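Enquirer: Sequence:
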Amino acid sequence: MAQKLQVPCYIMKQFQYEEFLRTIQEQKVTHLQIAPPIMVMLSKRPETANYNLSSVTDILCGAAPLSKELQTEISKKLNCEIVQGWGMTEVTCGAIHVPGGSIDDSGSVGQLDPNCECMLLDDDGKEVADGQPGELYVRGPNICLRYWRNPEATKETLSPDGWLRSGDVAVCKNGWFWIVDRKKELIKVNALQVAPAELEAVLLEFDPVADAAAVGITLDGQEWPRAYITLKDEHKGKVTESDIQMYMKEKVAKHKQLVGGIQFVDEVPKLQSGKIKRALIKEWAKRDAQILNGAKPKAKL
Numbered sequence: 001m002a003q004k005l006q007v008p009c010y011i012m013k014q015f016q017y018e019e020f021l022r023t024i025q026e027q028k029v030t031h032l033q034i035a036p037p038i039m040v041m042l043s044k045r046p047e048t049a050n051y052n053l054s055s056v057t058d059i060l061c062g063a064a065p066l067s068k069e070l071q072t073e074i075s076k077k078l079n080c081e082i083v084q085g086w087g088m089t090e091v092t093c094g095a096i097h098v099p100g101g102s103i104d105d106s107g108s109v110g111q112l113d114p115n116c117e118c119m120l121l122d123d124d125g126k127e128v129a130d131g132q133p134g135e136l137y138v139r140g141p142n143i144c145l146r147y148w149r150n151p152e153a154t155k156e157t158l159s160p161d162g163w164l165r166s167g168d169v170a171v172c173k174n175g176w177f178w179i180v181d182r183k184k185e186l187i188k189v190n191a192l193q194v195a196p197a198e199l200e201a202v203l204l205e206f207d208p209v210a211d212a213a214a215v216g217i218t219l220d221g222q223e224w225p226r227a228y229i230t231l232k233d234e235h236k237g238k239v240t241e242s243d244i245q246m247y248m249k250e251k252v253a254k255h256k257q258l259v260g261g262i263q264f265v266d267e268v269p270k271l272q273s274g275k276i277k278r279a280l281i282k283e284w285a286k287r288d289a290q291i292l293n294g295a296k297p298k299a300k301l
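With UniProt numbering as the guide, the letters of the sequence shown map in order to residues 1 to 301.
Warning: the hint list may mix true and false statements.
Below 27 Å or equal to it, Euclidean Cα-Cα: the simulated DSS-like pairs (lysine-lysine) are [what the hints assert, rightly or not]:
id	residue 1	residue 2
1	Lys251	Lys183
2	Lys188	Lys251
3	Lys28	Lys4
4	Lys28	Lys13
5	Lys44	Lys28
6	Lys173	Lys254
7	Lys44	Lys76
8	Lys188	Lys256
9	Lys277	Lys13
10	Lys275	Lys236
11	Lys188	Lys286
12	Lys249	Lys68
13	Lys183	Lys155
14	Lys238	Lys254
15	Lys68	Lys44
16	Lys256	Lys277
17	Lys68	Lys183
18	Lys232	Lys282
19	Lys270	Lys68
20	Lys275	Lys256
21	Lys184	Lys236
22	Lys251	Lys68
23	Lys232	Lys277
24	Lys254	Lys183
25	Lys173	Lys232
26	Lys76	Lys184
27	Lys275	Lys76
28	Lys155	Lys126
29	Lys68	Lys188
30	Lys126	Lys184
Rather than coming from a laboratory, the hints here were simulated on the basis of the structure.
Since this is a predicted model, take the numbers as computed values, not measurements.
Can you build the whole structure from these sequences, using the hints too?
Expert: Listed below in structure tokens is the structure:
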């Protein structure tokens, strides 16, 4: 579309935050398509204040859930409109968007696109009630036919009647959708599910926290939430695990507490796209579980 309308596009070969800011300033970029971790950088990193980003009028954020708090903060900071959307490579980029001309600050990814169908199913394959979480399935003319030379992946993801299993857990209320997290990333605490993205969003609201990644860790046969946190430079050595645990106690339900512990790290590992390297974080948790194995969590649910 941009080529058809002869709108200049700027694509970075490799993401570097200051180069990203410099490009916006020098090229007077008006529209950004970015992932939530880059929104975190816009919020937390001090370099942001060194560049003129006033040309930005709107941001489309996707690839992972974005909290409404962070969405609102950046919208005010840059004086621009921010909307979310949902899609996958398999759905030809997108299937859910905030309708054109609409302004949404609820953290929703929007409404189903024209000519698309969807359903939210529970673990038993039954459709969930409005407002309840379920795995998102989509169908439409934009869905891929199959995976190239990979019949096993095709069978696992695509049904014979055209439904694509997304692997994302979502909630739908009155036709508007909110993404909870990737189903495989959910932390199962007793019979309850905890979304890492939710914990990360809450942690990032705590001013001393520069970045965070949440994951499940198995201790004595029970899975618990654990966080890997990068503190802002001025708070390193001052803010303790206890400080963060006390903060979380006031913010989230009992089963969402970081019973699996907190580890301070120099940097949360990211892909070039800005997404958290979830597989590596899980490896960290497995490594730490071996060290902590036998230590009983303090919380009793």
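Enquirer: Of the numbered hints stated earlier in the document, which are not met by this structure?
Expert: 21, 25, 26
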